[in-house]
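Trainee: As a plain string of letters, each chain reads:
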Amino acid sequence: MDNEEFYHLKTFFFNLDLTKEEEEHFYSLWTIKTFNQYDLITEAGSTERFFYVVLEGVQALYVLNEKGEKVILGFSYSGSPSGVFDSFIQQKPSQTFIEALKPSKLFSISRSDYDTLFDDFPNFYKWGNEFFQQVLFGRLEREVELLTLTADQRYKSFMQRCPDELKVIPQKYLASYLNMKPETFSRLRKSILY
Amino acid sequence: MAKLILSPENQIQRLNIILNKVASLQELDKKLLTCSADSKSWSIIEVIAHLNIAYGPYHIKYDEEFPKMPDLKKERKTFQAKTWQKMIIEMQRPKGTKRKWKMKTLKRFEPLLDNENLEKKKIDQIFQQFFELHGHLKEAILKSRTKDISKIRINSGIGPIVKFYLPESFEFLLCHLERHMVQIDEVLKKSDFSLIPRTITFTIS
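Same order as they appear, the protein sequences are chains A and B. For what it's worth, my numbering labels the leading residue of the first sequence as 93, then goes sequentially. For what it's worth, my numbering labels the leading residue of the second sequence as 12, then goes sequentially.
There is no bait here: all hints are sound.
With a straight-line Cα cutoff of 30 Å, these simulated DSS-like cross-link-like pairs (lysine-lysine) come out:
#1 B:72 - A:159
#2 A:184 - B:201
#3 B:149 - A:125
What the hints contain is simulated information worked out from the structure, not anything from laboratory work.
Put together the whole structure using the sequences plus the hints.
Mentor: Quick look at the structure:
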């Protein structure tokens with residue numbers, strides 16, 4: 093792990109106040125994993141072994157519907173967390189897939205090492221509290237958008253907030269995330285400015 | 012007739028569920044693994060051994076055919092099973108907790124185990140083989156996601172009378188596995204009251 097990679101991890105855990113020694117121990121718990129485009133990072137039916145922080149690439153989180161089609165729940169990208177968190181915490185088989193939509197590099201930490209973070213670094217509870225708040229608020233906002241906004245509004249709202257690296261992934265993934273058909277997404281892309 | 016659309020992700024999810032289930036079966040007592048509901052039925056370990064035998068022909072075919080398949084530069088689309096193949100697949104697929112089409116197993120796929128004298132070591136070997144073989148199946152499904160699977164067909168386990176494209180062969184194997192998981196559930200359900208040890212009987216004709 094080089095200095096630049098350290099920096100990415102440090103940015104993610106911005107509110108951890110660590111001594112030099114603690115910092116070394118903290119970084120020693122993480123390993124970098126690389127994935128090719130279309131690799132499955134986590135398979136539904138298997139138990140999530142890692143909590144990830146994305147260094148490079150875009151990943152899609154999805155479940156399969158009854159027809160076997162991918163229903164996109166969300167994306168992870170540079171600087172964001174990734175992984176199937178419920179499966180990771182409960183150590184039960186996941187219902188969700190994570191797929192690398194672009195070649196990806198992710199920091200990973202195992203469940204046992206993740207647990208030691210809370211034991212070894214009291215500041216980690218503060219990070220945990222803020223992290224879970226962000227996740228919860230994000231999910232609530234998305235639920236409200238899906239239930240109350242029109243397709244046009246959902247498209248506009250998403251495109252305004254989404255990072256550039258997400259705008260270049262295949263349209264069918266973005267369309268599914270916004271709960272619309274790819275044809276609708278394509279029409280909106282041509283007609284709506286955001 | 013409704014289309015049968017096959018996706019590797021759906022197949023991987025179902026295979027993982029089966030692998031988890033078999034891993035939990037491995038924890039069962041030897042008595043439970045080697046007993047069957049009646050003298051005509053297989054024990055759980057015989058079912059697992061049968062699944063190992065059934066994968067054999069596919070193991071060889073996948074190893075032979077994968078190197079011949081060109082890589083795909085884009086994401087593979089879902090695959091629609093052909094009519095005849097779909098019919099064969101659907102005959103295997105259990106309907107909920109029922110095995111709809113009961114069929115006789117070909118001799119060469121029968122497990123020849125002496126349930127009464129089966130040692131723990133042998134049982135462990137059968138489970139280990141199951142995980143190795145079906146780990147191979149999982150690798151094959153994963154590999155197929157980035158291969159052009161539209162050109163090559165392989166013979167099914169029963170021979171050239173049924174030829175499968177790769178996704179069809181995966182689906183057939185998965186339905187076959189799911190069918191036998193239902194059978195195992197039936198054995199477990201009956202195990203509370205009527206398990207009897209089985210021995211192999213030989214008849215001279």
